[in-house]
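*Asks:* Please model the entire structure based on the sequences and the hints provided.
One letter stands for each residue in the lines below.
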Amino acid sequence: MKAKKGDWVCIHQIVLRPEERAPQVPEDTKTVPLELWVKGFALHEAEIGQEIEIETVTGRHVKGELREINPGYSHSFGKFVPELLQIDKQLKEILYGGEA
Amino acid sequence: MSRDLSYAAVMGRRNEIMKQAIGIDYSVFESGGISFDYERMMREAGYTLEEIQKIQSDTGVGNTPIFELKNLTALARKCAPKGKGARIFIKDEAGNPSGSFKARRAANAVYHAKRHGYKGVIAATSGNYGAAVASQAAMQGLKCIIVQECYDSKGKGQPEILEKQRACEALGAEVVQLSVGPELFYTFLTLLEETGYFNASLYTPFGIAGVETLGYELAMQFREKVGRDPDKVVVTHAGGGNVTGTARGLIKAGAKDVEVVGASVDLSGLHMASDKDFNRKSFTTGHTGFGIPFATWPDRADVPRNAARPLRYLDRYVLVKQGEVFYITEALAVLEGLERGPAGNTSLTAAFALAQEMDEDQIIVVQETEYTGAGKHPLPQLSFARENGIDLRFGSPEEEKPGQNIMLPAHPNMIKVRDFDLNKAKMSYVKNCINNYKVNEISKVDLEFLVKDTKSDDEFIINALKELGVSVI
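Chains V and C supply the protein sequences, listed in that same order.
Sequence positions in the first sequence follow this note's numbering and run -5 to 94.
Sequence positions in the second sequence follow this note's numbering and run 29 to 501.
No lab work stands behind these hints, which were simulated from the structure alone.
Note that this is a predicted model, so its numbers are computed, not measured.
C-beta atoms are modelled at their ideal positions from N, C-alpha and C, and glycine is treated no differently.
Mixed in with the good hints there might be a few duds.
Said to hold, decoys possible - Across the chosen pairs, the derived CB separations fall in these ranges:
#1 PRO109/C <-> PHE71/V: 36 to 42 Å
#2 GLN18/V <-> TYR54/C: 21 to 27 Å
#3 PHE71/V <-> PHE422/C: 20 to 26 Å
#4 GLU78/C <-> ASP82/V: 43 to 49 Å
#5 PRO93/C <-> GLU14/V: 46 to 52 Å
#6 PRO12/V <-> SER30/C: 21 to 27 Å
#7 SER34/C <-> GLU62/V: 27 to 33 Å
#8 HIS6/V <-> GLN48/C: 28 to 34 Å
#9 LYS472/C <-> PRO12/V: 48 to 54 Å
#10 TYR54/C <-> GLU14/V: 26 to 32 Å
#11 TYR465/C <-> PRO12/V: 30 to 36 Å
#12 GLY365/C <-> PHE71/V: 16 to 22 Å
#13 ASP387/C <-> PRO12/V: 55 to 61 Å
Stated by the list, open to error - With the Cβ distance kept under 7 Å, some of the chain V side facing chain C (calculated, not the full set):
#14 PRO20
#15 GLU29
#16 LEU30
#17 TRP31
#18 VAL32
#19 ASN64
#20 HIS69
#21 SER70
#22 LYS73
#23 VAL75
#24 PRO76
#25 GLU77
#26 ILE81
#27 ASP82
*Replies:* In structure tokens, the structure reads:
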């Protein structure tokens, strides 16, 4: 997939390699890099996975690996959690159902 | 231009970077030792209540409604001994632009930045403060970058934090997302250096002063609506700004007898910088991971002297469990018709339990709520927890183990508060001061400062110092 100049994209960077991380990070964090993601307008054409330079909405020019074109939002109201309905039922019973 | 961008080099430049980015000379408030002139700092580097009221009024912030939660009060009375069950009220800070009380801090910070000629503002936050700053920046015509810690090493982002990214971007800000780690601060410093923008820190004098209007308004609203001051005000505690600002506002309104209770979600056992633990908690803020460190060493923030000093104002500090907060969030929706974000209900959860210790004619107020939406809601937060191997079920909140399970209380009468020993926190703070300044004797001025900063007395501090082998000259 190719991004054209001007496309809205998301890029990725490795900011600090594991060995460059802050001395106080715990063991599990020490073994992984510090990563960065930011969105902007592609300043030139590029393929997913290639290095690309973008202009962010504040006008900064940032280089990174092209990850996504037209990035959207994937968070939602999640999956159904039956326990919440049980709470609703219990609350109404306690307040209005005659429970002492 | 080639700046050394290594972690150590950037951290080494932090003082200069901060000085450029905040525009406050903190050195004039220093004594050279442990103490500094806090009230002078708040006076000179802050804004007066009237000035803040004007700034906030111009930006649509504040004057949020107070609701009496009659059904939650009735529920608390069903769980309480006879005659107990104070009236529970809530101040709907979700009504602010951007949906939380953080707008009060952001309004001031952005105003200050604009007044001093900065072209943009930067804030490091995975929380509501980001959207608040973005919203104010949009209103006041400044550029905005929000730096947030969002993903673990597997690229998994918590729904609550993803929603905050969306909100900030919707408001026109640039959002820089990072994987887990304290080096967020390092990235933040590099961006400040690169852009010359203002550090819209949560911990500046004017940031904290922005919250004073919350406490002041609350007192005024109660006098008008109910005819007296509330008995207790419950404030969610993380970095200490909420507690400090609210308490100072109450004091400015002359509401000196109101008990200020801080509340945090208990996440003990989880390491805040751990890649593995990051997505095993269901609260991004308002929890002990911030609450305890910031109480016992406030000057760990991104400014030389933190204006948020919770031990100076807290009368009591209580902890609640994750499951309890989700339960109360559900109760607020189905019993009071108020759908609000879970993290914003931490102090409501504490108030529900605390009300049961109080008499029926007493009053307890929860001073905030937050907005809700995709991600910022019990459904996505709980289903995300489940997907990540957290055992979600009904049971006893006392059996909740952060990172392993979330215990929804099997009955609302199981919702409790657990006191965090403030004396222990105060002792820790004194110890941290001594260790940080590496002294074995302190001046009377320092003693006076420590007494004020811990809301204690000479005897308490002198005993604490004795245990550390430190004398007062």
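*Asks:* Could you run down the list of hints and mark each one as holding or not?
*Replies:* Quick rundown of the hints versus the structure:
One distance hint, 36 to 42 Å for the beta-carbon pair PRO109/C and PHE71/V, holds here, with the actual separation near 39 Å. Checked against the hint of 21 to 27 Å, the pair GLN18/V and TYR54/C passes, with Cβ atoms roughly 24 Å apart. Checked against the hint of 20 to 26 Å, the pair PHE71/V and PHE422/C passes, with Cβ atoms roughly 22 Å apart. At roughly 45 Å, the beta-carbon separation of GLU78/C and ASP82/V lies within the given 43 to 49 Å, and the hint holds.
As the Cβ distance of PRO93/C to GLU14/V is approximately 50 Å, the hint placing it in 46 to 52 Å holds. Remark: the range hint 21 to 27 Å for PRO12/V to SER30/C is upheld by a beta-carbon distance near 24 Å. The given range of 27 to 33 Å is respected by SER34/C and GLU62/V, whose C-beta atoms sit roughly 29 Å from each other. At roughly 29 Å, the beta carbons of HIS6/V and GLN48/C sit within the given window of 28 to 34 Å.
At about 49 Å, the beta-carbon gap between LYS472/C and PRO12/V stays in the expected band of 48 to 54 Å. Distance hint check for TYR54/C and GLU14/V: the Cβ-Cβ separation is about 30 Å, which falls inside the suggested range of 26 to 32 Å. Separated by about 34 Å at the C-beta atoms, TYR465/C and PRO12/V satisfy the suggested range of 30 to 36 Å. Taking 16 to 22 Å as the suggested C-beta distance range, the pair GLY365/C and PHE71/V conforms, at roughly 19 Å.
For ASP387/C and PRO12/V, the hinted distance range of 55 to 61 Å is satisfied, since their beta carbons lie about 58 Å from each other. For PRO20/V, the interface hint holds, the least distance from its beta-carbon to any beta-carbon of chain C being 5 Å, beneath 7 Å. A hinted interface residue such as GLU29/V counts as satisfied when its beta carbon comes closer than 7 Å to some beta carbon of chain C; here the least separation is about 4 Å, so the hint holds. Interface restraint check for LEU30/V: the shortest CB-CB distance to chain C comes to about 6 Å, inside 7 Å, so the restraint holds.
Annotation: TRP31/V was flagged as interfacial toward chain C, and the flag holds, the nearest CB pair being 4 Å apart, inside 7 Å. A distance limit of 7 Å between C-beta atoms decides the matter here; for VAL32/V the minimum to chain C is near 5 Å, and the interface restraint holds. At its closest, the beta carbon of ASN64/V sits 13 Å from a beta carbon of chain C; the interface hint therefore is violated under the 7 Å criterion. The criterion of a C-beta within 7 Å of any C-beta in chain C is met by HIS69/V, whose closest approach is roughly 4 Å, and the hint holds.
With a cut of 7 Å, the hint placing SER70/V at the interface with chain C holds, because the nearest CB-to-CB distance is about 5 Å. Hint status for LYS73/V: holds, given a least beta-carbon distance of 4 Å to chain C, under 7 Å. Interface restraint check for VAL75/V: the shortest CB-CB distance to chain C comes to about 5 Å, inside 7 Å, so the restraint holds. A distance limit of 7 Å between C-beta atoms decides the matter here; for PRO76/V the minimum to chain C is near 10 Å, and the interface restraint is violated.
Taking 7 Å as the C-beta cut-off, the interface hint given for GLU77/V holds, the closest approach to chain C being about 6 Å. About 5 Å separates the beta-carbon of ILE81/V from the nearest beta-carbon of chain C, less than 7 Å, and the hint is met. Because the closest C-beta pair between ASP82/V and chain C is about 5 Å apart, less than 7 Å, the hint holds.
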